[in-house]
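**Student:** Each chain, written out:
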Amino acid sequence: MSEAQDGVTASRRLEATAELCRLFAQDESEKANIAAIELLRRYFQAEGAALFYVNAISEYRFCLAGTQFPISLAEERWRACIGPAHAGSTRFGPWAIPGFGETLSQWISAAIYSSEGRLGYVLLGRSGSGWTDEEELSLSAIADTISPIVGVRLARAKEEAVRREAEQRLSENEKRLRSFFEDSRDMIYTADSEDRLTSINSAGLALTGRLGKEELIGLPFSAIALNGEDREYFLRRIRAEGYVADYEIVLARKDGSTVFCIETAHTLRASGGAVLEVQGIIKDISERIKSEGVLWRTNLELAEANLKLKQTQGLMVQQEKLASIGQLAAGIAHEINNPVGFLKSNNAMLEKYIASIRAAWKEARAAGGAAVEAIDEKSGLASLFDEAETIFRESAEGFSRIISIVGNLKNFSRVNEASDFALYDVNRGIDNSLLVAWNEIKYVSEVRKAYGELPPIHANGGEINQVILNILVNAAQAIESLKRPGKGLIEIRTTLKRDSVRIAISDDGPGIPESIQTRVFDPFFTTKEPGKGTGLGLSISYDIIVTKHGGRLSVESEPGEGTTFLIELPIAGPGPNPSDHG
Amino acid sequence: MPLAEALLRYNEGHPLAPIEARRSPEGDLVLALSGELEMKASTEIAPLLEAALLVCPSQGKIFLDLRRVGYISSTGVGLLATTMVSAERRSIELVLLDVPSRVRSVMEVLGLISFFKVEDSRV
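Same order as they appear, the protein sequences are chains A and B. Per the numbering used here: the first sequence = residues -8 to 573. Per the numbering used here: the second sequence = residues 28 to 150.
These aren't lab readings, by the way, just hints derived from the structure by calculation. In this text, all values refer to a predicted model and were calculated from it rather than measured experimentally. All C-beta atoms, glycine included, are put in the ideal place defined by N, C-alpha and C. Hints are supplied without guarantee of correctness; some may be wrong.
[Said to hold, decoys possible] Partner residues are not named here, just some residues of chain A that face chain B (Cβ under 10 Å, in silico):
1) 219
2) 238
3) 290
4) 293
5) 464
[To be verified] Derived DSSO-like pairs: lysine-lysine, alpha-carbon spacing no greater than 27 Å straight-line:
6) B:144 x A:281
7) B:67 x A:299
8) B:144 x A:301
9) A:478 x B:67
10) B:88 x A:301
11) B:67 x A:539
12) A:299 x B:88
13) B:144 x A:539
Here chain B stands alone, though its shape is the one from the complex:
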């Protein structure tokens, strides 16, 4: 499924927690997630992230902006891990942007944070 279509479909189903796509100043794709990354949402976001990886060139970069993510379950962390694996397989750099402390702490508990490149846009 093309990214635009996947995005549209997801946002229609989640009007209160839509995913916004934008470009970074360097022209890289930034997907800003919001709301709760629990089991249902995570399952639905997965194809969207897969579509984003498909349109990203090899050696390219994708940012996942997590600033507005209010809650993350283990399935949500699993989604990030799976996306990271897919990204590395395609030689794409996946960067987590503005990870809130509550999300970071769950990833730390799971011992996965070190596998991710995390950037803070405010620095």
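Here chain A stands alone, though its shape is the one from the complex:
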């Protein structure tokens, strides 16, 4: 080859190389590869040309001159396709790219770049006349020249691919987080350092009963809490500890209803430690709380019912007893009433007869002379008549007392006739009770009464009598338990307070030890010997005075000094619903 020819060849090669560089510089896509192999085919007047390469995302591809798109191959197949070139031969044939194109007799090849152990190749084929050494050298020179450019292109494409992948990952992450935030069934929110809401998800809107986020963003969190103070406590904790787990909070919905929630939250802090943001997840636990509430309520209702049952049971036992005593007393009173009636009447008749006899005898004595006088003297009739008068007077008094007692008994036993409230004379009631208890009292104690002037009160007299009787009998038994030589003293004072009457019954018995003072009103609590008390008396009394009459029953006792029971009863009677009281 002449020098001139050499010059032309070199100049054409330079042109081709420049054209290739321009192609690669202008178009960063793989289309440049198609244009490049087409250019090389034309330049070298090859019949077949292919460019094999590995792209930025590690796809094994090749471009066949004359086609429009690069083709992807599996790595193994890609390597098989470039077999002889890959094996190091720069000149071979006859050969065909397996599966692509026709068999050509002469092929030359050059590696165009090397990256991470992978090579790209240019393969050019001709049939008929073969390749000259110059052409082979020329291809090698072009390949050497463009290799760095192709390398840089590949590196850039790789970077771009990495950037794009990161971008895509970021966008996917963002999408995932957004969906996690928005689609969560629990409320998720953020609040700034002032605890003002900065974001909230749809579940948060539903939970707080709001329609749009604009209703909540910017509001202090405490505005959606039932108790603002609960939120303050939460903030104190989260500021101190950085997180709060399973914190119960009651949210106030827009419609005024409330929802029980549990919150777990943590803070984002500046490098100095100041809280920048609170991020929290709030879960609706209303259903759980509702079922717990039902359980607690059921237990409370059961306990209440049990208590009432216990009280009623004790009361019924005592009422039953009172009923029997009342019936017995009424029966006896009724039976005694008639015979006492005719005894009293007989006594009066007899008194009248004796008076007539005395008058007749007086006349006989005046008319009869010495013999009658002697009989009078001897028999002492005058004094017998005097004595008889005394006997009749005493009997009459006795009958009156019996009649009064019987009347009182009937009166007292009215306890079971009606539980209706009526006007009740407290002082008279005490006297009635004293009469009934007299047998228990008279040998052990004096009774001192200091009654104030009292208006009638609205009460169930029978029941109040029962309470007073109970306290009087207890007082007598307490005094008796001392077994002292003389009698003790029971003092009964009644006083009028503004809208109530007060009864104080004191004894000078042994008193009640401090340790059991609070238990004396307990059902079945008794210090008496077996058989003497049921332990129900004072608890029934308590129920009558406090529950039924809306009054007060208390005890003051100084061991060794005595005991005072204080009953206070409202004049107007109990309130509208006395059984609910206390």
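Using the hints provided, position chain B relative to the given structure of chain A.
**Tutor:** Chain B alone, transformed into the frame defined by chain A:
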């Protein structure tokens, strides 16, 4: 566990929110709770209240002073309910004293307030 021991043990563990025991003018036991009645504290207070009920005579009265309770969880309300049930079983009157509005509102939401006797010492 005796009440005094239970009280001591609880207060050692909660120096910032101790429970104080005192007597009312009528001589009834008053337990003044303080701090936060959340799950942990409520679980720890339970045996103490049980001990208080054990020393209280039947027909007696116990006050729970809630004035200084800053926060109550459902477990706290549950504790009060359970104590109320125990008290009624023993015929003891349990009275809640000075219930702060925030505690009351939680009890109202749970529909339990009506089961408790609530008194205000300032009235």
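**Student:** All hints are to be evaluated individually against the structure, with a verdict given for each.
**Tutor:** Quick rundown of the hints versus the structure:
With 10 Å as the threshold, the beta carbon of residue 219 of chain A comes within range of chain B, its nearest partner Cβ sitting at about 8 Å, so the hint holds. A least Cβ separation of about 8 Å between residue 238 of chain A and chain B falls short of the 10 Å threshold, and the interface hint therefore holds. Taking 10 Å as the C-beta contact cut-off toward chain B, the hint placing residue 290 of chain A at the interface holds, the least distance being around 5 Å. A cut of 10 Å between beta carbons decides the hint on residue 293 of chain A: the least distance to chain B is about 8 Å, and the hint holds.
Checking residue 464 of chain A against chain B by beta carbon gives a least distance of about 21 Å; that is not within 10 Å, so the hint is violated. Proposed proximity of residue 144 of chain B and residue 281 of chain A is supported: the alpha carbons are some 22 Å apart, at most 27 Å. At roughly 34 Å between alpha-carbon atoms, residue 67 of chain B and residue 299 of chain A are farther apart than 27 Å, so this suggested pair is violated. The hinted pair formed by residue 144 of chain B and residue 301 of chain A meets the criterion: a straight-line CA distance of about 19 Å does not exceed 27 Å.
Between residue 478 of chain A and residue 67 of chain B the alpha-carbon distance is near 62 Å, which puts this suggested pair outside the 27 Å criterion. Note on residue 88 of chain B and residue 301 of chain A: the hinted pairing holds, with a Cα-Cα distance of about 18 Å set against a maximum of 27 Å. The hinted pair formed by residue 67 of chain B and residue 539 of chain A fails the criterion: a straight-line CA distance of about 43 Å is larger than 27 Å. Our distance criterion of 27 Å between C-alpha atoms is met by residue 299 of chain A and residue 88 of chain B, whose separation comes to about 17 Å.
Restraint check: the Cα-Cα separation between residue 144 of chain B and residue 539 of chain A comes to about 19 Å, which is no more than 27 Å; the hinted pair holds.
The structure is inconsistent with the numbered hints 5, 7, 9, 11, although it conforms to all the rest.
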